[in-house]
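Chemist: Here are the chains, one letter per residue:
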Amino acid sequence: KAGVTQTPRYLIKTRGQQVTLSCSPISGHRSVSWYQQTPGQGLQFLFEYFSETQRNKGNFPGRFSGRQFSNSRSEMNVSTLELGDSALYLCASSAIGGRLDYTFGSGTRLTVV
Amino acid sequence: DQQVKQNSPSLSVQEGRISILNCDYTNSMFDYFLWYKKYPAEGPTFLISISSIKDKNEDGRFTVFLNKSAKHLSLHIVPSQPGDSAVYFCAVLSGNTGKLIFGQGTTLQVKP
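Same order as they appear, the protein sequences are chains A and B. Going by our numbering, the residue at position 19 of the first sequence is 19; the numbering climbs one at a time, nothing skipped. Every position in the second sequence, counted from 1, becomes a number in our numbering once 1000 is added.
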C-alpha cells in the first residue's frame, strides 16, 4: 500500500511569509501527527489530528496551526515565518494513534531566508 | 522540559563490534519505548520496541533493554555494520494520550 506522502519536499520562503505543508496518510489511517526536526533538538511534537479534530498539541507558538480533512489528509500552516522555523517537518500517520503503527513520510525541508 | 533524553549526540564504532545507544526518560507512566532509525532526507523508520512490562526485547542483531527503576533504555546492535550508520532516535508512547515523544537523536557511525 502507498506510504505517507508529504508535499512539497523542499520549500524556500522569506521571513514574514506564511507556508502550508501537506500530508496524505496511509489509506485507512485516521491519526496524523506533525513533528519539527532541527539539529540538536531531535523531533519535537507539534500536534496530532484524529478524525478532523486536534487531539494533542505540543509547545509551539500559535503561528503553527493545522487541520485535518474528512479524507484524513492534513495540512500544517506556519504564519509570519522566522529564520528559526527552518527545519525538516515530518508527519506520521497511525490507524488510531497510541499504537505501534506510526509510519513517517519523508518530510518537507523548509528554509526561511 | 525534555521528557526523553539522548545525552550522546554521536557514537563511532568499528564494524563487527557492539554499538550501544542510550536513552533516559522522566515519566514512569509511559507504555511503550521505541527506537527509530533515520537516514538523511528520509523519514524515521521503526526499528524495535519494548513494552513497559518487559525488560528485554530482541530482534536479530538488535536488542533493547529497559531498566524501569533507572528510567533508562538502551539499544544494542551486534555486530555493527556500515549500513547501520544513521541517526537513532528513542521515543516513548503514552497509550492514554497517543503522543509519541522523541529524544534528540544519536548519530551512529560504523567504520569498515
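Where hints are given, some of them may not hold.
[As the list claims (entries may be wrong)] Straight line, CA to CA, 27 Å or less: simulated DSS-like cross-link-like pairs of lysine-lysine:
{"hint": "1", "chain 1": "A", "residue 1": "Lys57", "chain 2": "B", "residue 2": "Lys1037"}
{"hint": "2", "chain 1": "A", "residue 1": "Lys57", "chain 2": "B", "residue 2": "Lys1005"}
{"hint": "3", "chain 1": "B", "residue 1": "Lys1071", "chain 2": "A", "residue 2": "Lys57"}
{"hint": "4", "chain 1": "B", "residue 1": "Lys1037", "chain 2": "B", "residue 2": "Lys1054"}
Rather than coming from a laboratory, the hints here were simulated on the basis of the structure.
Chemist: If a hint holds in the structure, say so; if it doesn't, say that too.
Modeler: Hints, verified against the model:
A hinted pair counts as satisfied when its Cα atoms are at most 27 Å apart, and A/Lys57 with B/Lys1037 qualifies at roughly 24 Å. Taken as a hint, the A/Lys57 and B/Lys1005 pair is honoured in the structure, with Cα atoms around 20 Å apart against an allowance of 27 Å. Restraint check for B/Lys1071 and A/Lys57: satisfied, since their Cα atoms lie roughly 24 Å apart, inside the 27 Å limit. Taken as a hint, the B/Lys1037 and B/Lys1054 pair is honoured in the structure, with Cα atoms around 22 Å apart against an allowance of 27 Å.
Checked against the numbered hints given earlier, the structure satisfies every one of them.
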